[in-house]
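Novice: The residues making up each chain are set out below.
Number of protein chains: 2
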Amino acid sequence: MFRVIDGGITAPQGFKATGRHIGIKKVKKDMSLITSDVPAIAAGVYTTSVVKAAHILWDREITKNGGMVKGLVAISGNANACTGEKGIRDNELMAEHFAKSIGAKKEEILTAATGIIGLDMPMDTILKGIDETYSHLSHKREEAKNAASGIITTDTFIKEMALQLNICGKQVIIGGMAKGSGMIHPNMATVLSFITTDINISRELLQKALYESVKDTYNMISVDGATSTNDMALVIANKMAGNPEITEEDEFYEEFKNALCFINEKFAKDVVHDGEGASKLMEVEITGAETEVDARLLAKSIVNDILVKTALYGEDANWGRVLAAMGGSGGKFSPEKIDMSFESEGGKIKVMENGEIVKFDENEALAVLGERDIFIKINLHDGKYSAKSWGCDLSHEYVRINGEYRSRT
Amino acid sequence: MFRVIDGGITAPQGFKATGRHIGIKKVKKDMSLITSDVPAIAAGVYTTSVVKAAHILWDREITKNGGMVKGLVAISGNANACTGEKGIRDNELMAEHFAKSIGAKKEEILTAATGIIGLDMPMDTILKGIDETYSHLSHKREEAKNAASGIITTDTFIKEMALQLNICGKQVIIGGMAKGSGMIHPNMATVLSFITTDINISRELLQKALYESVKDTYNMISVDGATSTNDMALVIANKMAGNPEITEEDEFYEEFKNALCFINEKFAKDVVHDGEGASKLMEVEITGAETEVDARLLAKSIVNDILVKTALYGEDANWGRVLAAMGGSGGKFSPEKIDMSFESEGGKIKVMENGEIVKFDENEALAVLGERDIFIKINLHDGKYSAKSWGCDLSHEYVRINGEYRSRT
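Protein chains in written order, with the working numbering: chain L, 49 to 457; chain H, 49 to 457.
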């Protein structure tokens, strides 16, 4: 079992970080650096969008080809997406410059960017920024926080966490930071997740654990259904914990994977919660599905549905919209068999049983839907598979933020 | 070539219709009847939702098995969906009762319903309503309008049209009526389309023409991405025009299909335009796609995207959101090759050329985006396939209408 400890990405052994304002944004921190004292392995999961930012292409090359990693440079305020060949060269230049600062090769540096798309990177500012920032790299708790601040854009709070677990008598630490805001400033909908750990694990299993955790967390949240050009999740492992290398899907692998899932689920929910426009969070749980695919499709369809989102905003226990979303999802189920309930700290109302509508008390419904965190639970009675998804409501504030003229500037 | 003539579903030879208020709704018309003087063939395209209203199952049996049709009874205000076995029996009872009134068998009667889901049909009201309404059945123009009124729910205007074409020297008429409102009162998002025609055509080609026309029209609109439990498009053909039967995909088939597409495109756009919440319409045209599937996926992804919809509302020429929607759609394209422009009666701005961002004048952009009908044109330079889609904006009004507590009552 793991436990939550105070800390962020500098919590595992051998990781340093920092974050500073270098002038891409007006005032807020806009550059974050991470280094590992020893070469580390890395794994990544990247956006499936056809339109990919330059750093996605760069990092994918490194993680796919099994390169060793010594550091990461991330900027916020400029996405370096839709910037063509120049963007690719600029990204490489940024990696190269940071590599030189810390005595590494450019191929050992991961990169990341988030912010406005279609704008060339301000390279003078960035190169000068690296020069001014890297000397602050430190194991200190404070610098982990600075790094977590350096990657956010419209987020209203930083997202970081650290976990401690025990692998074969050795203390292993996992640290993480993420960015992503529920309410999606235009073209900044990116979710970035960075995990550091001192665990000793094979590259293959590191990649597998990351992929599995992303599938159940980031891939199951919906704010507005958009896929960003810049989304990615990275994990860097430097083996300094000294545990015997994990090379099989044994109990230690499971423990590590569960810890990764825990962090990423926390960050994923934070992303949904964050942002001005989101006033409520829904957690949808599908149980009793015939296949995993059906469970996931159905769970995802509900948090993605605009009508469900507006009903949530309106505090309306609208089972009809939930059912309609499921019906159109492509996921398999039998409407005449399902149970459905809405739950929260305010109570619980059952709205369907064996496919029949259950009459409920309006006041009880109001008490349940009036809360911030709403749980929609659906049992399909079709099989043994289940899935969870998370989403937020669709509010007036969302339309205001996203509908404002020239909102991307 | 066809031409638009005044009229609705009673325009073709041998069709009668009527529409009255029978008491399902408080005040507005809520029952529509159609009959053909002679037995007719019928074709249907139905919702793909797993959750299907009773009439969908009933009509599908008839059109699939090649039954001959003498009439149609439609009610609005109650969807007869999620009503289980009772709903299926009630639907049959409604068909049977209308059949008796006009001297037909229940298997010769198509049915339709739209309105609140999960409520049992008020059968006394409906059977009594049929008794009081069927005597008004008439060829008259006025009764076609009444029928068009009887099927609408939240629509703010009736949707009807008639076309005349010439097939082998014979005058052929197509009449139609539809319901569907852009702005989607909860659980009433249904699109219903009814077409009558006196053309003589094989059942197989009638079905094919309908399917093709729906694919390019109703299937390419988006209001909120929801798939209704009640959606369907029906066409009834009674052969009274006396043209030689169309049995091949010849020029006459093409003419008929084009006319069907014309009516259904008109209705599909009407649906998007209708409703309080929608203030703007966008027409997206993808050209130069490598395959038809890619063209359709990409076109559809743009009108479905919440961020594009809010940008449209905000009159923002936000190419970044359009590109992001395309990127995540699953449709294939090369970002570095595309051209994109925004057009309207207010002018035209090019925003991308060969994948590069084109700087545009803010005032010109405002002039273009300030109009009601906005055209987004994208050339992928990848091939010869194209597709069009239509959608509306996402406004404050949308959130108000759909977020109101207990809005379904």
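There may be inaccurate statements among the hints.
Stated by the list, open to error - So the derived label-pair ranges between C-beta atoms look like this:
1. L/D421 to H/S186: 36 to 46 Å
2. H/C216 to L/E133: 35 to 45 Å
3. H/D409 to L/E302: 27 to 37 Å
4. H/L141 to L/E302: 54 to 64 Å
5. H/N306 to L/E384: 55 to 65 Å
6. H/N411 to L/I136: 30 to 40 Å
7. L/F205 to H/D409: 46 to 56 Å
8. H/E133 to L/T339: 26 to 36 Å
9. H/R108 to L/I136: 34 to 44 Å
10. H/E340 to L/E109: 32 to 42 Å
Said to hold, decoys possible - Straight-line C-alpha distance at most 30 Å; calculated DSSO-like pairs for lysine-lysine:
11. H/K134 to L/K385
12. H/K74 to L/K407
13. L/K385 to H/K148
14. L/K73 to L/K407
15. L/K256 to L/K154
16. H/K148 to H/K188
As the list claims (entries may be wrong) - Some chain H residues near chain L, calculated using beta-carbon distances under 10 Å:
17. K100
18. G115
19. T173
20. T204
21. F205
22. G290
23. K357
24. L371
25. G379
Quick caveat, the hints were computed from the structure, so don't treat them as lab data. Every residue, glycine too, gets a C-beta built ideally from N, C-alpha and C.
Novice: Which numbered hints are broken by the structure, listed smallest first?
Specialist: As far as the earlier hints go, 1, 2, 3, 5, 7, 9, 13, 14, 18, 19, 20, 21 and 22 are violated by this structure, in ascending order.
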